[in-house]
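These protein sequences, in sequence, are chains C and F.
Residue numbering for the first sequence follows the numbering used here, starting at 1 and increasing by one per position.
Residue numbering for the second sequence follows the numbering used here, starting at 196 and increasing by one per position.
FYI, nobody ran anything at the bench for these hints, they're computed from the structure.
For clarity, every value in this text was computed on a predicted model and none was experimentally measured.
Glycine included, every Cβ here is placed at the ideal spot set by N, Cα and C.
Worth double-checking, as some hints may not be accurate.
Calculated lysine-lysine pairs in the DSSO-like style (CA-CA distance at most 27 Å, straight line) [claimed, not checked]:
| hint | chain 1 | residue 1 | chain 2 | residue 2 |
| --- | --- | --- | --- | --- |
| 1 | F | 289 | C | 67 |
| 2 | C | 151 | F | 320 |
| 3 | F | 274 | C | 69 |
| 4 | F | 300 | F | 209 |
| 5 | C | 69 | F | 275 |
| 6 | C | 35 | C | 111 |
| 7 | F | 275 | C | 151 |
| 8 | C | 67 | F | 275 |
| 9 | F | 274 | C | 151 |
| 10 | F | 300 | C | 68 |
| 11 | C | 68 | F | 257 |
| 12 | C | 67 | F | 320 |
| 13 | F | 274 | F | 300 |
| 14 | C | 151 | F | 307 |
| 15 | C | 67 | F | 300 |
To be clear about the criterion: a stretch of chain C counts as covered by chain F if any three or more of its residues have a C-beta under 8 Å from a C-beta of chain F, and this derived list gives those stretches [said to hold, decoys possible]:
| hint | stretch |
| --- | --- |
| 16 | 32-41 |
| 17 | 75-85 |
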Amino acid sequence: MALQENLIYNSLTSLSESPISSMFEEFRKMHSDGKSFVFRGVLTSETITSLLRFAEVRLSGADLPLKKKKVVINVLIECLQNVIYHTRSHAQIDGFNECLLELASDNQTIKVRIGNYIRQAETEGLKQKLEKYSQLDSSQLHQTYLDILEKGEISERGGAGLGLLRMLRETANPLNWNFVFVNSNYNFFALQIDI
Amino acid sequence: MEKLAYEPTSTTPKIVFDPSEGYFEISGKSLPENSFEFYKPLLDVMEAYSENPKTNTALIFKLEYFNTSSTSHFLRLIKKLEKLHNNGQRTEVKWYYDSEDDDMKEAGEDFKLLSKMPIEIISTKFA
Chain C
1 MALQENLIYN SLTSLSESPI SSMFEEFRKM HSDGKSFVFR GVLTSETITS LLRFAEVRLS
61 GADLPLKKKK VVINVLIECL QNVIYHTRSH AQIDGFNECL LELASDNQTI KVRIGNYIRQ
121 AETEGLKQKL EKYSQLDSSQ LHQTYLDILE KGEISERGGA GLGLLRMLRE TANPLNWNFV
181 FVNSNYNFFA LQIDI
Chain F
196 MEKLAYEPTS TTPKIVFDPS EGYFEISGKS LPENSFEFYK PLLDVMEAYS ENPKTNTALI
256 FKLEYFNTSS TSHFLRLIKK LEKLHNNGQR TEVKWYYDSE DDDMKEAGED FKLLSKMPIE
316 IISTKFA
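For reference, chain F alone in the conformation it holds in the complex (with noise of 0.2 Å):
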């Protein structure tokens, strides 16, 4: 499964999504003017992980702006680990937020009730 690497722009976030490591990173801002173009390629990286995963995986979201076209894109990465959650394979989803960013904590609130996976919300500050 080939590795996905892009650099943030002014409004897409740094991606890392390395399916050799179960590693998976979202961070920066995410206001793609259109979500489903960007998301894609993530989502079918993560579909095809997800029929063949390491022992330990991770999804980590370190986000300071995003638009709610995005929230959807990360609801559906989220759910397609669920699958390897209900197997009985370490998965771990952190939801990082500023801790001065009540908006991004419960976002991450939202995603912990719509998913049937834990999802560890976790206070930091941002650079």
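Extracted from the complex, chain C is given alone in its bound form (with noise of 0.2 Å):
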């Protein structure tokens, strides 16, 4: 059985489905791929509020620099804001509005993967952005970051446009991304920054 990604933060459902003789072997899978946590749901306020709490409490004992887990944390921060912003609008049938999320570490790198549904029509606007700010070195993403928060302009979804390149300013490591066609609708966004 091909591994899935399941909510184990605090929901039981998917692993009513699947053979309880596979927990073991999606157990060590996981530990194998050095997950750490793994949520496939809707974001809200509350959830990435605990997803954050709990982010903090699992990098609390880790053996890591303390900029290194402030990072971590930041990157959630814009990741779950980002997924809210683009997917509130979203169809709730077939779990358009969700998103999966993993934190996994290895070695001293902690690596985060987020997913989402994207619209179509939002599609090439976002691979465009992917593409333009992977390609600008520190100064040129720090003076980028600065021309967009001097304009001030907050789209209608409440976001100003600076996600991307804190993250890529935080991480200093390039983002690794990819998009797979759904159907007319949708595509399913998948992003990894590695810390």
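Hints are included, so try docking the two chains, each in its own frame, into the full complex.
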């Protein structure tokens, strides 16, 4: 059976659908993949608060510099709030308003992976932004950030257009992303940030 | 002008906006889902205050976390005080950061670059 990314945090529904005998295999696979938590569900302010708190607790026990732990939390803040902004209006049927969040570690690298559905009409704009920002060096990223901040435009969804730039500046690692066609309305957007 | 005082929540900061004292403080975590809705009343108070300010004005930031949509509102608050500063009135903006939080220090320095008024960046130890 293929590994399912289940809501380990507080849902047992999907576990009840898979043979109990596969649970150990899934547990060992998550351990070998370095996954420390996985969340699948709809994001709300309350959920984000809980996830951030949970991440803080997980990170507090990790042997990592405080600066790195702070970056992880900042990246999670931007990822999760971006998902809320962009999935709020998605259809609730078939889980189009859900997201998948994973936190994993590989030696001293923390990997934040987030996936959510994105409307077809918004995909190209996001792709262009990712490609454009990924080619900037640190001082260009900084200047772009300052330019957008100074313009002070807030989108109708409440975002300032600075989240991706913040992630790139703070992690100083390239972002990895992928789009998967789902249907005529949606693609699935997956983003990995290595810290 | 009315005073605004909000207790902190898990996603919004503590707010003490006291126009009668010329004292304005934002502290804690700023992660509001809709930053526009949260910060609009504060910007309105600051706008009204800037038309009739006290002799001394202080805008204080003491933040642990913030989302980027909050930063644009921080800059707007700072810019509303620029008029007072340009008119020679005593106006101070203080950006406190935890001594181990380089990101917060850099955020304060970004505001220094974008603002025409002096902003004091102060290292401290948050509880």
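Status of each hint after checking the structure:
1. F:289 / C:67: Between residue 289 of chain F and residue 67 of chain C the Cα gap is close to 22 Å, so the pair holds against 27 Å.
2. C:151 / F:320: 32 Å, violated
3. F:274 / C:69: Violated. Residue 274 of chain F to residue 69 of chain C sits at ~32 Å, over the 27 Å cutoff.
4. F:300 / F:209: With a Cα-Cα distance of about 20 Å, the restraint between residue 300 of chain F and residue 209 of chain F holds, given a limit of 27 Å.
5. C:69 / F:275: 34 Å, violated
6. C:35 / C:111: With Cα atoms ~9 Å apart, residue 35 of chain C and residue 111 of chain C stay inside 27 Å; holds.
7. F:275 / C:151: Holds, at about 15 Å.
8. C:67 / F:275: 32 Å, violated
9. F:274 / C:151: With Cα atoms ~12 Å apart, residue 274 of chain F and residue 151 of chain C stay inside 27 Å; holds.
10. F:300 / C:68: 15 Å, holds
11. C:68 / F:257: 21 Å, holds
12. C:67 / F:320: 15 Å, holds
13. F:274 / F:300: Distance of about 19 Å is within 27 Å: holds.
14. C:151 / F:307: This hinted pair holds, its Cα atoms lying about 15 Å apart.
15. C:67 / F:300: Roughly 12 Å separates the two Cα atoms, so the pair holds.
16. 32-41: Not satisfied, violated; 0 residues make the cut.
17. 75-85: With 4 residues closer than 8 Å to chain F, the stretch 75-85 of chain C meets the three-residue bar; holds.
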